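Undergrad: The primary structure of each chain is shown beneath.
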Amino acid sequence: MTTATTQPAAPRQVPPATPARPRRRIDWGKYVTWGVLAWLFVPIAFMIAFSFNDVAGRHNVRWEGFTLRWYGQAFAYPDLTRALLYSLAVAALTMLIAGAIGSLLGLALGRYRFSGKNSSNAVMFAAICAPEVVIGAALLSLFLLAGVTTGFTTIVIAHVMFSVSFVAITVRARAITLDPQLEEAARDLGAGPWATFRLVTLPALAPAIMAGGLLAFALSIDDYIITSFVSGEVTTFPLWIWGSTRVGIPPQVNVMGTLVFALGVLLAVINVILARRRR
Amino acid sequence: MTGTRRKLVPYLLALPAWAWLALFFVTPLAGMLALSLSTGNVVSGFQQAFAVGNYLDGITTYGEQITRSLLYGGAATLVCLVLGFPVAYWIAFNGGKHKGTYLLLILLPFFVSFVLRTISWRFTLSDNGVVLGTLKSIGVLPSEFSVLNSAPAVVFGLAYNFLPFMVLPIYAVLERMDPRVVEAAYDLYAGRVQAFLRVILPMALPGVFAGGLMTFIPTSADYVNATVLGGTHNTMIGNIIQTQYLVNNAYPIAAALTFTLMALLLAGIFAYARALGTERVMEVQAK
Amino acid sequence: MLKLTGLGAAGLALSGCGIGGEGASGVDADDFWADKEETGHLRFANWPLYMDPDRTPLRKFTDATGITVDYHEDINENSSFAGEIQPRLANGDPIGYDLMVLTNGIELARFIALNYLAPLDHDRLPNFARHAGPSYKDPAFDPGNTYTVPYASGITGIAYNPDFVDREITSIADLWDPAFEGKVGMLADAQEIANFGLLANGVSPAESTEDDWEAAAGKLKEQRDAGIVRAYYEQDFIQPLTNGDVWLAMAWSGDIFQQNAEEGTNLKFVVPDEGATLWTDSLMLPLTSEAPVDAIQLMDFLFRPEIAADLTEYIGYVPPVPETEQLLADRAAEASGADREYLAELAGSPLVFPTEEDYAKLHSYVTLEPGEEDGFLSTFQAITQS
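Heads up: the sequence lines are chains C, D and Y, in that order. Numbering-wise, the first sequence is residues 45 to 323 according to the working numbering. Numbering-wise, the second sequence is residues 236 to 522 according to the working numbering. Numbering-wise, the third sequence is residues 45 to 430 according to the working numbering.
Hints listed in this document are in silico derivations from the structure and should not be mistaken for laboratory results. Worth double-checking, as some hints may not be accurate.
[Said to hold, decoys possible] Ranges of calculated distance between the beta carbons of each label pair, as one might list FRET restraints:
1. D/Ala284 x Y/Gly136: 22 to 30 Å
2. Y/Lys104 x D/Leu313: 53 to 61 Å
3. Y/Asp98 x D/Tyr246: 52 to 60 Å
4. Y/Gly419 x C/Trp83: 41 to 49 Å
5. Y/Thr112 x D/Val375: 57 to 65 Å
6. Y/Ala404 x D/Val366: 41 to 49 Å
7. C/Ala190 x D/Pro377: 55 to 63 Å
8. C/Ile314 x D/Pro387: 32 to 40 Å
9. D/Glu299 x C/Trp83: 29 to 37 Å
10. C/Pro247 x D/Pro387: 45 to 53 Å
11. C/Ile314 x D/Gly298: 48 to 56 Å
12. C/Gly195 x D/His333: 38 to 46 Å
13. D/Val366 x C/Ala190: 48 to 56 Å
[Stated by the list, open to error] In silico DSS-like links for lysine-lysine, alpha-carbon gap of 25 Å or less:
14. D/Lys332 x C/Lys74
15. C/Lys74 x D/Lys334
16. Y/Lys405 x Y/Lys181
17. D/Lys242 x C/Lys161
18. Y/Lys104 x Y/Lys80
In this text the structure is predicted, and so the values were computed from the model without any measurement. Every residue gets a Cβ at the ideal spot worked out from N, C-alpha and C, and that includes glycine.
Please put together the full structure from these sequences, using the hints given.
TA: Laid out in structure tokens, this is it:
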């Protein structure tokens with residue numbers, strides 16, 4: 045420990061005098077991103093794990109061992125199955141309707157100057173601002189007043205109402221960046237308004253429309269509060285779960301949550317593959 | 236002729252969504268406004284009385300919960316911003332060809348129902364659960380440490396549930412930014428911090444503004460997180476509104492509280508827009 | 045929500061149908077049933093997980109009578125369900141169900157007071173007359189079973205986890221013990237918590253006055269502000285109790301039974317010395333039922349002891365038919381393996397078949413006059429929603 049070992053090693057390369065470019069530094073952004081992703085997936089991991097829990101009945105609280113049983117009996121609760129199907133159907137319809145009319149509105153707002161734009165913005169903001177309880181309660185009063193029986197249709201109406209502004213905002217953000225010269229060029233080349241829209245505007249907006257549609261789908265399948273007001277005889281997946289928490293959530297809920305999640309993963313993977321191909 | 240037709244185009248495009256919003260948002264709200272000024276109860280019916288007192292009653296009785304909701308919503312928004320900005324930034328500039336994949340990863344948990352996610356958090360954060368229990372057994376945390384049923388649990392639950400609403404708008408503006416601008420900034424300025432403050436942040440501001448709105452509003456009006464993850468003294472105004480509506484059927488006071496909340500949120504948005512100087516931003520967007 | 049109706053035509057909804065006004069008498073049972081006929085089909089609204097997924101009792105009913113049943117688990121909360129159907133009932137419109145289940149409480153009391161429910165023809169309920177236990181007939185919330193018959197009952201008592209609580213819990217006062225600081229769970233429901241506050245003060249809920257409510261609220265506030273209460277549970281308190289997030293809690297008997305039977309946990313349930321409350325989920329027909337004859341047949345059918353036993357086997361709450369205890373014991377004797385174990389546990393459980401001693405300690409709920417609801421609710425919600 046004295047002299048023998050203190051021989052200096054071969055001279056190391058001297059670090060460059062100029063400081064490293066920021067790019068070469070530790071990539072904190074990466075760690076934060078992965079950290080956040082991990083955080084996002086913690087409860088999901090638990091949900092998935094407990095869909096394999098070998099419990100005896102419907103109180104799925106402690107880990108009792110691994111089983112695939114609940115996947116075999118995923119549809120043992122007919123009302124739960126029906127609730128899930130209702131949720132998926134509502135979300136799909138919401139995606140289509142809100143995606144279509146919201147995109148058109150977004151295009152109008154982002155691309156054109158016209159009077160009524162400010163009031164439109166104000167209404168959209170208010171629609172996003174309105175707490176869900178407000179929207180739900182207000183809508184139900186309207187349906188009652190009009191003598192409409194609440195149910196599947198009214199849920200779709202409500203979901204389209206609260207997601208349409210989100211779609212419009214997403215698409216507007218994209219439409220603002222559209223270069224008007226592109227459309228003009230198309231017109232100059234003899235394309236009619238419809239052809240211009242279909243061949244120039246729509247492809248440019250497509251990513252935003254897809255994003256808006258997916259957002260509408262996610263908002264719809266997620267919604268508990270507004271739905272609880274306007275559902276009438278229809279029970280959607282979140283409503284059923286909330287109701288069942290009174291007596292214990294059966295593992296089938298985890299199974300279905302996992303299946304829906306897996307569907308999302310599948311869609312994501314397909315999306316990525318398609319995106320690669322397009323390149 | 237074509238000029239007139241072209242002028243009509245934006246109206247035609249906007250019409251379906253306008254009609255939908257007018258019919259199913261504005262009309263019911265007007266009805267609610269009337270309701271908030273009436274008196275009575277379920278049994279005797281409700282009469283219009285222009286009872287402004289409903290508002291005073293609501294604000295004086297539930298002032299604490301209103302303040303708390305704005306605080307929790309603000310805190311959750313801050314958490315979302317602090318966590319969401321670096322994520323959006325990193326994906327936008329370093330995501331490369333995997334950008335789409337990362338964004339989908341951010342969105343994926345949201346294929347699991349909001350209610351289910353929140354309930355799963357309660358389970359995850361259990362005092363002796365896999366997370367806290369493990370940390371306690373290896374001595375990282377004291378054995379009496381707990382998270383559940385506290386203000387932080389509610390705030391982080393809110394932040395968790397609304398994080399993508401912050402990430403996506405920020406990402407959207409950053410993604411449009413020319414990375415060469417940032418590089419130029421690095422070449423011209425001394426440090427990262429300055430480049431960030433003087434170049435990136437101002438350009439990202441519209442996204443931050445949109446993201447802030449889209450997280451602050453739903454988080455401050457939420458009640459599910461407070462119900463599932465909160466304890467005593469964590470009640471938010473959403474809980475009160477929900478109870479007044481659905482449990483007590485006290486519609487006038489519930490409606491008055493609802494409008495109070497909306498007014499506060501709108502005022503907040505306005506102040507926030509001023510502070511961030513985003514009036515200019517909105518003007519830019521309007522063009 | 046409906047209240048725009050009320051806005052437009054102040055009180056019209058009520059007076060127009062002849063159900064408003066002081067002292068309006070209910071619909072006479074004979075008048076109601078005079079022109080009603082069987083339709084061969086009925087719609088039944090119930091709570092989630094309140095009948096086995098195969099709907100065995102309903103299948104047997106269809107086999108026996110030919111009447112088909114649309115069964116919907118559409119009731120998640122008394123209040124929200126009541127809020128949803130109230131406007132239609134006020135207008136005299138059908139609500140989409142012919143038979144439904146509500147808990148004794150504010151909503152049921154209101155429905156009875158407003159004559160939204162069909163008066164029952166007890167000549168059509170022979171099984172109820174013969175098999176329902178005396179404790180479940182003529183309840184305080186519906187004297188003479190004029191409008192309702194019980195579906196299942198439960199006790200609100202105290203549950204504790206002996207892994208964390210190392211002494212025997214016997215009284216409501218234990219919920220105020222500072223030794224359990226931050227480890228006590230209470231129910232968020234205003235009526236439930238009021239009952240416990242009153243019992244803690246030695247007051248019987250059914251006979252309590254407004255002054256008693258104030259005192260009970262003071263007692264509960266003390267408990268909350270001392271940091272003893274961890275949370276007021278609106279929903280599932282089983283998970284935190286099993287995990288040890290709370291050590292002892294106000295709890296419903298059936299949930300504790302189910303949890304112990306299914307997961308082998310050892311949660312204890314006690315009917316405290318000061319007393320506890322018995323609640324009942326009851327079957328009833330809305331006045332606008334479109335198939336009352338079919339619905340009342342099903343109502344009666346559910347009181348056949350073997351059908352009541354089927355129900356109890358699945359839900360694990362207190363059945364209104366005492367004979368089920370013996371039937372389940374018989375079934376246990378015939379079964380084998382895990383089924384046998386479960387059935388024996390069910391038949392032998394004091395949580396499902398309370399002892400005489402327990403029954404003696406059980407109280408009814410606070411009875412609220414329509415005018416008292418608001419004050420009562422705000423008094424106790426100020427505790428839970430702080």
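Undergrad: Hints first: check each against the structure and report whether it holds.
TA: The hints, checked one at a time:
1. D/Ala284 x Y/Gly136: 22 to 30 Å: At 27 Å between Cβs, range holds.
2. Y/Lys104 x D/Leu313: 53 to 61 Å: 59 Å, holds
3. Y/Asp98 x D/Tyr246: 52 to 60 Å: Because 56 Å falls inside the window, the suggested range holds.
4. Y/Gly419 x C/Trp83: 41 to 49 Å: 45 Å, holds
5. Y/Thr112 x D/Val375: 57 to 65 Å: 60 Å, holds
6. Y/Ala404 x D/Val366: 41 to 49 Å: 45 Å Cβ-Cβ, so the 41 to 49 Å window holds.
7. C/Ala190 x D/Pro377: 55 to 63 Å: At 59 Å between Cβs, range holds.
8. C/Ile314 x D/Pro387: 32 to 40 Å: 38 Å, holds
9. D/Glu299 x C/Trp83: 29 to 37 Å: Given about 30 Å between the Cβ atoms, the range holds.
10. C/Pro247 x D/Pro387: 45 to 53 Å: 46 Å, holds
11. C/Ile314 x D/Gly298: 48 to 56 Å: 51 Å, holds
12. C/Gly195 x D/His333: 38 to 46 Å: Because 43 Å falls inside the window, the suggested range holds.
13. D/Val366 x C/Ala190: 48 to 56 Å: At 49 Å between Cβs, range holds.
14. D/Lys332 x C/Lys74: 15 Å, holds
15. C/Lys74 x D/Lys334: Roughly 13 Å separates the two Cα atoms, so the pair holds.
16. Y/Lys405 x Y/Lys181: 18 Å, holds
17. D/Lys242 x C/Lys161: 13 Å, holds
18. Y/Lys104 x Y/Lys80: This hinted pair holds, its Cα atoms lying about 24 Å apart.
Consistency with the previously given hints is maintained throughout, with no hint failing.
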